[in-house]
Amino acid sequence: MTDASLPNTGGAPKSGSLHEIDARTKKRNAAEKRFRMYGVAAIATGIIFLLVLLFAILGNGLGAFQQTFISVPVYLDESKLDKKGNRNIDDIKKVSTFGYNPLIQKAVLKAVVDAGIETPLKKSKDMKALISASAAAQVRQAVIDNPALIGQTVEFRFLASSRVDGYLKGRVHRELLARDKNIDAEHLDIVDGLKEIGVVKKTFNSAFIFGADASESRAEQAGIGVSMIGSLFMMLVVLFLALPIGVAASIYLEEFAPKNRWTDLIEVNISNLAAVPSIVFGILGLAVFIQFMHLPQSAPLVGGLVLTLMTLPTIIISTRASLKAVPPSIRDAALGVGASKMQSVFHHVLPLAAPGILTGTIIGLAQALGETAPLLLIGMVGYIASNPPGGVIEGLMSPNSAMPAQIYEWAKRADPAYYERAWGGIIILLIFLVSMNTLAVLLRRRFERRW
Amino acid sequence: MSVKLTASALAIAAVAATSAAARDQVQVAGSSTVLPYASIVAEAFGENFDFPTPVVESGGSSAGLKRFCQGVGTEHTDVANASRKIREKEIKACAENGVTDIIEVRIGYDGIVFASQLNGPAYTQFTQSDIFNALAPKVMVDGKLVDNPHKQWSDFNPDLPSEDILAFIPGTKHGTREVFEEKVVAAGCEATGAFEAMMAAGMSEDDAEDACLAVMSDGRAVDIDGDYTETLASIDANANGIGVFGLAFYENNTDKLKVATMAGVEPSTETISTGEYPVSRPLFFYVKKAHIGVIPGLKEYAEFFISDEIAGGDGPLAEYGLVSDPALADTQGAVAAEAVMGGM
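Chains A and B are the protein sequences, given in the same order. Residue 1 is where the first sequence starts when you use my numbering, and the numbers rise one by one after that. Residue 1 is where the second sequence starts when you use my numbering, and the numbers rise one by one after that.
In isolation and in its complexed conformation, chain B is listed as follows (with noise of 0.2 Å):
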C-alpha cells in the first residue's frame, strides 16, 4: 500500500513539474455523425500501424471546430470532424487564435432520412414540400401567404396518413440541422411558392432566406440535442412522430424503423452517390497542418482514413453506410500534399 501511495505521489509530482506534457496520439472532436467512421478507422490504424489509437471524441460539429480552433498547442484537439463544412465565421476565428492552414479532407457523402416506428402510420412517402408545409410558420394555401393552420399531415396531403404533426428533427448544434434546413425545408418553400410569394410581399432575397429555413416552435418540431439514439427513443414514444436520421444508424436498426421515400426515391448507397436521392451532404474533417510532425501519426492517420482500403467503396466505412466519394483520388492527393484551405 505504501509503496503504490508514494509512486503515486511521485507521478502527480512529476506531472506538476511538466505540466505541458507530450501528446503521442492523435486527438480528434466533432460531429457525432462522423464518429462511427472515425472510431472503426481509429481501430483500424491502431492495429495497423505502431501509433497509439486515436482518441475521437463526439459533441457536434460546431463543437468540435470550436474546440479545433481554440489555438495551436498539444493541449487542443488535432482533427475536427464536422458534417458540414467549416463556415467563414469558423476560418476567422481560428485565424485569431493562430490555426492558420488547415487540411480540408472530405471522406464520403452521407444521406439523411426520415424514419418512424416500424408499426406506426403510413409515413412511408414524403416531398420536400410536405416537410415544409407540416413545420413552416408561414405556408401557402389557396395561393396566399398564410399562417400555418396544419394540424394533422392529410391536412395538406391527402396522401398522407391523418395524424398530428410531430417530427423530430436535430438541434442547432448539429451539421446534420443544416442539412435538413437547406435540402428540405428550404426546397419546399421554393417549391410550394413561398418564397416567390414572401419576395412578393416585400421582403429582401436575404431574409426571405431566412425566412424560408424556419420552423415552428409551437411543440410539433421537436429539437434533438443528443444523438440519433435519443430521436429513435422519442420515436419509441410516440407513433405518430417521424424522426431525422442519418442513413448508417437506420440500416442499423431496421427492426425498429422504417424509411420514408423523399420526391419518390428510396434512400441507399446507391441512390446517394448518383445523386438521386435528394437529402445528403458531404463529411468531412478537418486538420491543423502546424499539429503534422508534432503529433506522431497524424499525417498518417489522415491518409489511411481516406485510402481506398478504408474509404473505397468496398471498405468498412462504406459497409458501415458511408456513401464513398467518386473523387477520393484528388482527396488523396490533396492529404499527401498537405493542401491547406485557401488554395495555397
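In isolation and in its complexed conformation, chain A is listed as follows (with noise of 0.2 Å):
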C-alpha cells in the first residue's frame, strides 16, 4: 500500500541537513557574535575610559605629593624681634609676620651670596619671589615658641614659592616668564644654582597630606588634612546616625509592620527619597538644621545631619534587601520552637543577615564621602580647613570642610598650583572610596551566606 500522502518518502527533507548550516542559522549565529562584539566593544571602552582618567589623575596629581624647600641659617635680629630685649612673650607677639620677612630674605641673600652665585638680584626684597609667604608665620611661631632662640642663628626649611616649585616640576617655562609679574628667569637661576648645592630640594611632602589648607597666595602650603578630619567627623555621625535609624526602620517594615496602604506609601516614598538629588538635602539642612536649630555652620555636625538624611534610604534598602533574602523557614524554625517574634527577628534573622547590612552600609557612607553639593549650601566651601580641631566636640561643631568640597574649592583658585592639588586630593580621595569599596566587598564574601 502506497502512501500518497506522504510526499516526502525517500527525499530528501526540505530544510535540509543538521550538519549544513542553513541562511537563517547563519544569520542566527552572525547575530549572537555580533552582540558579544558589542559586549566587548563596551567593556573596552569603559576600560579605556578608566584607564585614562586613571592616567589623567595620577599624571596631574602626583606632583601634589611632593614639594620643593628652601634650606637656609636665619639670623633672628634681637634688635628686630624683642626691641626691649626682656624676652617677654607678649612684647614678641607684637611683632608681626610682616617684621620677620625682612630677616628670611637677608638670609636668603645671604645664601645665594655664600653659593657664589653670580645674579643682577643684589637686593634682599628680590628675594621674596623664591619663599613661600608661609616661612614668616613658620618662624614667628618658632620664636614665640621658643624665645631663647633670638639673637641666634637658626637652620629653617621653609617651603619655596609656588613658581618654584612649578619650575622645578616642569610646569613653570622660562620662554613663559616675560609676562609673569611673579617671578623672572633670574631668580629660576637663582634656583638653579641653589639646587646644585643642596639648599633647594625636591621632597616628599607629608604636609600636604596631613596639613591645613592656605590661602590663594600660598598653594605650596595646602593640605587636605584638616578636610579630612571633617569628613571623618561627618561620617561618624553618618554611621551613628544612619545605621541604628536605617537598620531599626527597616526591621520594621520588614518584619512587623502590617502590609497595608500606609506602610505601601512608605515603602514608595523611601525609593522616591533615595532619588533625590543631594541638593535638595543640602537646601533642607540649610533651612531645617541652620536657620530653624540654629546649628553652626559650617559644621562637620550639620554636614553629617545632612549626609545621613542622604544616605538613610540606601541603608534601608539594602538592609530590606537583606532581610528578605533570609528565607522564611529560619523563622519559622525559630517560631516553632518557641522564640518569640522579637527573638527570632535578632537572634537568627538579624545576624544571618548582617553582611548584607554592612555592605549597605559601606558602600552608602562612601557615597556620601564623595558628596559635594549639600555641602555647598551648608557652608563648608571654602577658605575653611585652616585649623585643626582640638578634640571631638571642636571636631564636630567647629567649622571644617570635607575631602570633595576642599578639591572643588582648590580647582577654582587661579594659582595653577592650586589644580595639582586638587588632582592630589582626588588620589587621596579615589584611595578611600576603593578601599571602602573593597572592605565591602571582601566582608560580603567573607561572611554572605547562601541557602
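Derived from the structure by calculation, the hints contain no laboratory data. Hints are supplied without guarantee of correctness; some may be wrong.
As the list claims (entries may be wrong) - Restricting the straight-line Cα-Cα distance to at most 25 Å, the calculated cross-link-like pairs of lysine-lysine (DSS-like) are: (1) Lys-181(A) to Lys-258(B); (2) Lys-94(A) to Lys-299(B); (3) Lys-169(A) to Lys-256(B); (4) Lys-169(A) to Lys-258(B); (5) Lys-299(B) to Lys-93(A); (6) Lys-256(B) to Lys-181(A).
Each chain sits in its own coordinate frame; assemble them with the hints.
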C-alpha cells in the first residue's frame, strides 16, 4: 500500500541536514557573534575611559605629593624681634609676620651670595619671590614657642614659592615668564644654582596629606589633612545616626509592620527619597538645621546630619533586601521552637542579614564621603579648613570642610599650583573610596551565606 | 571603639541640648572676586592674632549679601564680601530682618580685563564700542539702529580678527557683571550713538539705559555662573573666544592667557590706580555692627584687613593683584570709629 499522503518519503528533507548550516542559522549565529562583539567593545570602551581617567589623575596629581623646600640659616635679630630685650612673650607677639619677612629675605640672599651665584638680583627684597609667604609665620611661631632662639642663627627649612616649585616640577617654563610678574628668569637661575648645592630640594611632602588649607597666595602650603578630619567626623555622624535608624526602620517595616496602604506609601517614598538629588538635602539642611535649629554654620555635625538624610534610603533599601534574603524557614523554625517574634528576628534573622547590612552601609558611607553638592549650601566650601580641631566636640562643631569640597575649592583657585593639588586630593579621596568598597566586597565574600 | 561611641553620642547629645552654640570665629561669605583677598587676610589674621582663623566662603556678591541680610545672631554671617556697592533694595531687605547698622569698608580696586587664548586669534585691542557692537542686540549701522547684523569681529572693525564672535561673560549673580555692563556695554552704547538713537526713537531715558545694558542671548555671549577657572576652561576649549577676568586671575595665568587693551590702555595695577584703564571697580566688605563685641575678633579682622601692612601698596593684597585705595587712611578711620552707612 502506498502512502500517497507522505510526499517526502525517500527524498531529502526540505530544510536540509542538521550538519549543513542554512541561511537562517547563519544569520542567527552572526547576530550572536555581533552581540558578543558589542559587549566586548562596550567593556573595552569602559576600560579605556577608566585608564585615561587613572592616567590623567595620576599624571596631574602625583606632583602634589612632592614639594620644593629651601633650607637656610636665619639670624633672628634681637633688635628687630625683641626691641626691649626682655624676652617678654607679649612684646614678642607684637611683632607681626611682616616684621619677620626682611630677616628671611636677608638669610636667603646670604645663602645665594655664599653659594657664589652670580645674579643681578642684589637686594634682599628680590628674594621674596623664592620663598613661600608661610615662612614668616613659621619663624614667628618658632620664636614664640621658644623665645630663647632670639639672637641666634637657626637653620630653617622653608617652603619654596609655588612658582619655584612649579619650575622644578616642569610646570613653569622660562619662555613664558616674560609676562609673569610673580617671578623672573633671574630667580630661576638662582634656583638652579641653589639646587646644585642642595639648598633647594624637592622631597616628599607629608604636609599635603596632613596639613591644613592655605590662602590663595600660598598654594605650596595647602594640605588636605584638616578637611580629611572634617570628612571623618561627618562619616562618624552618618554612621552613628544612619545605621541604627536605618536598621530599625527596615526591621520594623520588613518583619513587624502590617502590610497595608500606609506601609506601601512609606515604601514608595523611601524609594523616592533615594532618588532625590543631593542638593535638595543641602537646602533642607540649611533651612532646618541652621536657620531653624540654630546649629553652627560650616560644622561637620550639620554636614553629617545632611548626609545622614541622604544615606538613610540607601541603608534602608539594602537592609530590607538582605532581610528579605533570609529564608522564611529560619523564622518558622525559631518560632516553632518557642522563640518570640523579636527573638527570632534578633537571634536568627539579623545575624544572617548582617553581612548584607554592612555592605550596604559601607557603600552608603562611601557615597556620602564623595558628596559635595549639599555641603555647598551649608557653608562647607570656601577658605575654611585652616585650623585642625582640638577634640571631638570641636571637631563636630567648629567650621571645617570635607575632602570633595576641598578639591572643588582648590580647582576654582587662580594659582595653577592649586590645580595640581586638586588632582592630588582626588588621588587621596579615591584611595579612601576604593578601600571602602574593597572592604565591602571582602566582608560580603567572607560572611555571606547562600541558601 | 565603645569609648569613642559614647563620646560621640555624648557630643551629639550636648549639641542637641545647647542648640544655639556660641561662635568664636568670624564668618565671611560673598564675592568670589574678593575671596582670594579675604582668604589671604584671614590666614594672616589667624597667624598674627590669638583669634581663630575666620571662615571665608564664596558664592557671589548677591548671594553673600542675601545671607548677610538674613538677620542678626550667631547663625548669620558677620561679613559680606562684595565686588559692587550694596544696593538700596538690599539695604531695605537687611532692615526688614533687623540688620540696620552696616559698616561699609572699601578695600581697594580691581581691574576687569578681556583675555583670550595665548596662541589664539589676535584679540589685542578692544574699545567699549567693539564689545557693544559685538554683543548688543541692537546696534548702529550706517547711522541707523538695527538688529545686530555682526557675525564676526571684523564685520564692524577691520582691525579685529575675522573670527566668529564668542564672549564668556560673568553671570548675573556676580558683581563683575554689573561692572561689565555699566563700564563696557553701556559705555559702548553711548559711544556708538545707539543711546541717542534709542532716545530719538521715543524711548524714555530709563528704558534706553536698560536697553543699553542688554547682551544678545543667541549663544555668542555665554554667561559663566562659576568662577574664573570656568571662564579659563571655556577659553581653553574655544580659540575664538574672549573672556572677562579679574586682573589678579589673569596675572596668575599669564602662561595661558593674553590680555587685550581697552581703549588703548594696557591693564595693570598702575593704569588702574591712576584711572587710565577704564574698566575697574571698587571692592567692598560689609560688617554687621551688631556682631562687634559678640563675635570675638570681628572688629580686629576688619581693621587688620585695611591696615597699611595688608591693604597698602606693598602689602600682600597688592602683590596678589589688588589696586590699593589712595583713600585707605579715611577708611581706616571710619572702621576704627565703627561708622555705619547712612552717615550716622
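Decide if the proposed pair is consistent with the structure: Lys-169(A) and Lys-258(B), CA atoms, cutoff 25 Å inclusive.
-> holds (23 Å)
Holds or violated: Lys-181(A) with Lys-258(B), Cα cutoff 25 Å?
-> holds (14 Å)
Does Lys-93(A) lie within 25 Å of Lys-299(B) when you go C-alpha to C-alpha?
-> holds (19 Å)
Straight-line Cα separation of Lys-169(A) and Lys-256(B) no greater than 25 Å?
-> holds (17 Å)
Pair hint Lys-256(B) and Lys-181(A), alpha-carbon separation not exceeding 25 Å | holds (14 Å)
Keeping to a limit of 25 Å between CA atoms, is the pair of Lys-94(A) and Lys-299(B) held or broken?
-> Within the cut-off at roughly 18 Å; holds.
Checked against the numbered hints given earlier, this structure breaks none of them.
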